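J.: Sequence:
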Amino acid sequence: MFNIEAKLIDDTKHQNDGSFLQTPFWCDFKSRHGWSYRRFEISAYLPDIFAEDENQNCECNEKKSANSGKLCTKKRYEVAVLNRNFARGMFSIAYIPLFPKLLYECTPEEIIDKTFEEKDSETEDISVISENIVTPETQSIEFAHFLTEIAYSLKPLLPKNTIVIRFDPDVSFREPDDRDFFNYGIKMVAFADRLHLKKSKVDIQPPDSTLVDLCCTEEEIFSRMHSKWRYNIRLSEKKGVLIKRYFGDDPEITQKIDKFYQLTKETNARDGNSCHAKSYYLDLIKFSAERINSGKDVPLISLYIAEHDGDAIAGIMTLFSHDEAVYLYGASSNSKRNLMPNHFLQWTAIKDAKAYGSKYYDMYGIPPEGKDENHPMHGLYMFKANFGGKNIHRTGSWDVSLKIYYIFYSLMENLRAFWFKKIIKKLKGR
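Per the numbering used here, the sequence shown starts with residue 49, numbered consecutively.
Note that these hints are calculated values from the structure, not bench results. Because the structure is a prediction, the values reported are computed rather than measured. Be aware that a few hints might be false.
Claimed, not checked - Result set (DMTMM-like, lysine to aspartate or glutamate): computed pairs, CA atoms no more than 20 Å apart in a straight line:
hint: 1; residue 1: LYS61; residue 2: ASP76
hint: 2; residue 1: LYS399; residue 2: ASP261
hint: 3; residue 1: LYS384; residue 2: GLU314
hint: 4; residue 1: LYS292; residue 2: ASP306
hint: 5; residue 1: LYS203; residue 2: ASP96
hint: 6; residue 1: LYS78; residue 2: GLU126
hint: 7; residue 1: LYS249; residue 2: ASP225
hint: 8; residue 1: LYS78; residue 2: ASP261
hint: 9; residue 1: LYS399; residue 2: GLU285
hint: 10; residue 1: LYS292; residue 2: GLU355
hint: 11; residue 1: LYS203; residue 2: ASP58
hint: 12; residue 1: LYS451; residue 2: GLU197
hint: 13; residue 1: LYS344; residue 2: ASP298
hint: 14; residue 1: LYS438; residue 2: ASP226
hint: 15; residue 1: LYS235; residue 2: GLU197
hint: 16; residue 1: LYS313; residue 2: ASP298
hint: 17; residue 1: LYS286; residue 2: GLU190
hint: 18; residue 1: LYS292; residue 2: ASP400
hint: 19; residue 1: LYS78; residue 2: ASP59
hint: 20; residue 1: LYS344; residue 2: ASP65
hint: 21; residue 1: LYS286; residue 2: ASP226
hint: 22; residue 1: LYS149; residue 2: GLU190
hint: 23; residue 1: LYS122; residue 2: ASP96
hint: 24; residue 1: LYS419; residue 2: ASP319
hint: 25; residue 1: LYS438; residue 2: ASP420
hint: 26; residue 1: LYS344; residue 2: ASP331
hint: 27; residue 1: LYS286; residue 2: ASP357
hint: 28; residue 1: LYS122; residue 2: GLU190
hint: 29; residue 1: LYS247; residue 2: GLU190
hint: 30; residue 1: LYS326; residue 2: ASP306
hint: 31; residue 1: LYS384; residue 2: ASP319
hint: 32; residue 1: LYS384; residue 2: GLU285
What the hints assert, rightly or not - Pairwise CB distance ranges (calculated):
hint: 33; residue 1: ALA325; residue 2: GLY427; range: 24 to 30 Å
hint: 34; residue 1: ASP226; residue 2: PHE456; range: 32 to 38 Å
hint: 35; residue 1: GLU314; residue 2: ARG136; range: 33 to 39 Å
hint: 36; residue 1: GLN303; residue 2: PRO156; range: 50 to 56 Å
hint: 37; residue 1: GLU300; residue 2: ALA325; range: 18 to 24 Å
hint: 38; residue 1: MET425; residue 2: ALA325; range: 39 to 45 Å
Every residue, glycine too, gets a C-beta built ideally from N, C-alpha and C.
Using the sequences and the hints, build the whole thing.
T.: What follows is the structure in structure tokens.
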């Protein structure tokens, strides 16, 4: 359908923009912690989904599709593909974070609403609407095949023991129901067309998040927060909480990471979560500083510690790039929680992200079911959602299987997730 071709490339001009997960910095960092990666240029011919004239002339970047005869436009994409070995190299998985986007630009919602309002005044039969309306749902067939064809074009260029390519598409929705409807459409296309494409039950990146717009003044950002959150920030500052920021080249960074890691272990014991090794956090912040000090334009990693009377009571690690700022990791003490250090930490990081030039601040993960006041994740949902951001809901991970062994890997992965997320937490009373 798309005549996709993939070729290896050595470098990219996108060093510190777009999704941080696709930057050379992040891929190089992950290669220090069990992953390998390759960067590719992918070319594809996208058919005009509304084209009916099969005799149109093709320009230099266009050609006719052999299957449909429709006019196609050539598009090029750069993408990083990460690989990780398992079972001592018996098999590996390939992972493509935040790629691809939807193939076609969607019609703005206000135009869709206006179109239906005009037609509703004339007839109740919506089938007569002839305008070329593009929504995520109208692209389900193309998107499902696009994922599959990308995977098959990459297969010869990846390690031979790769059993699956897992995508985290950069496709988001305002409401969970819209996301679920889109995913259902992809599943139906995969089933009907017998594609080796399935929705993974295990998402690598958090599919749900909230983004705080940084393209306005500090006063406007602050005013958009819930009034209680503004009060908590002022209270924390009034009570003497101090926020200190550290970079990877700080002489005391090892000791500060030690403090952050102690807070992380305290948080995990309280909430039943897991975390990286301490060396992972230290290497991340040092690696960023090393690259920046060598003149590279790479994302900036910072550590923020909230202190009160000499006690470290909370901390967060953030990543700033030209496009996005991301709240990567956070931890807090069981003591002095009434001082609201977490609110003050986030507000400090948000202001710094704006000063850096990031366009939005990503809270990086919210539980959409946390809207329910009786849900155990309600507190986390409310904390992140009330900073005045816009909730988004991505599709989550999608797998294109390359070998029969994927069936066994998927089964074991699902059992492991069920054990840790359901059984262990219930045994611990969470």
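J.: Decide, hint by hint, whether the structure agrees.
T.: A quick look at each hint next to the structure:
1. LYS61 - ASP76: At roughly 15 Å apart (the allowed maximum being 20 Å), ASP76 and LYS61 satisfy the hint.
2. LYS399 - ASP261: Holds. LYS399 to ASP261 sits at ~11 Å (cutoff 20 Å).
3. LYS384 - GLU314: holds, 13 Å
4. LYS292 - ASP306: holds, 15 Å
5. LYS203 - ASP96: Violated. LYS203 to ASP96 sits at ~27 Å, over the 20 Å cutoff.
6. LYS78 - GLU126: holds, 18 Å
7. LYS249 - ASP225: holds, 17 Å
8. LYS78 - ASP261: Between LYS78 and ASP261 the Cα gap is close to 28 Å, so the pair fails against 20 Å, i.e. violated.
9. LYS399 - GLU285: holds, 15 Å
10. LYS292 - GLU355: holds, 8 Å
11. LYS203 - ASP58: holds, 18 Å
12. LYS451 - GLU197: holds, 15 Å
13. LYS344 - ASP298: Judged against 20 Å, a Cα distance of about 18 Å means the pair holds.
14. LYS438 - ASP226: Holds, because 15 Å separates the two Cα atoms, which is no more than 20 Å.
15. LYS235 - GLU197: holds, 16 Å
16. LYS313 - ASP298: The hint is violated at about 23 Å.
17. LYS286 - GLU190: violated, 55 Å
18. LYS292 - ASP400: holds, 12 Å
19. LYS78 - ASP59: Holds, at about 16 Å.
20. LYS344 - ASP65: holds, 13 Å
21. LYS286 - ASP226: Violated, because 43 Å separates the two Cα atoms, which is more than 20 Å.
22. LYS149 - GLU190: Satisfied, since the Cα-Cα distance of roughly 12 Å is no more than 20 Å.
23. LYS122 - ASP96: Status holds; Cα separation ~11 Å.
24. LYS419 - ASP319: holds, 19 Å
25. LYS438 - ASP420: holds, 18 Å
26. LYS344 - ASP331: Within the cut-off at roughly 17 Å; holds.
27. LYS286 - ASP357: With Cα atoms ~13 Å apart, LYS286 and ASP357 stay inside 20 Å; holds.
28. LYS122 - GLU190: This hinted pair holds, its Cα atoms lying about 15 Å apart.
29. LYS247 - GLU190: Roughly 16 Å separates the two Cα atoms, so the pair holds.
30. LYS326 - ASP306: It holds: about 7 Å lies between the C-alpha atoms, which stays within 20 Å.
31. LYS384 - ASP319: holds, 17 Å
32. LYS384 - GLU285: holds, 13 Å
33. ALA325 - GLY427: 24 to 30 Å: Since the Cβ atoms of ALA325 and GLY427 sit about 27 Å apart, the hinted range of 24 to 30 Å holds.
34. ASP226 - PHE456: 32 to 38 Å: holds, 34 Å
35. GLU314 - ARG136: 33 to 39 Å: 35 Å Cβ-Cβ, so the 33 to 39 Å window holds.
36. GLN303 - PRO156: 50 to 56 Å: 51 Å Cβ-Cβ, so the 50 to 56 Å window holds.
37. GLU300 - ALA325: 18 to 24 Å: holds, 20 Å
38. MET425 - ALA325: 39 to 45 Å: violated, 26 Å
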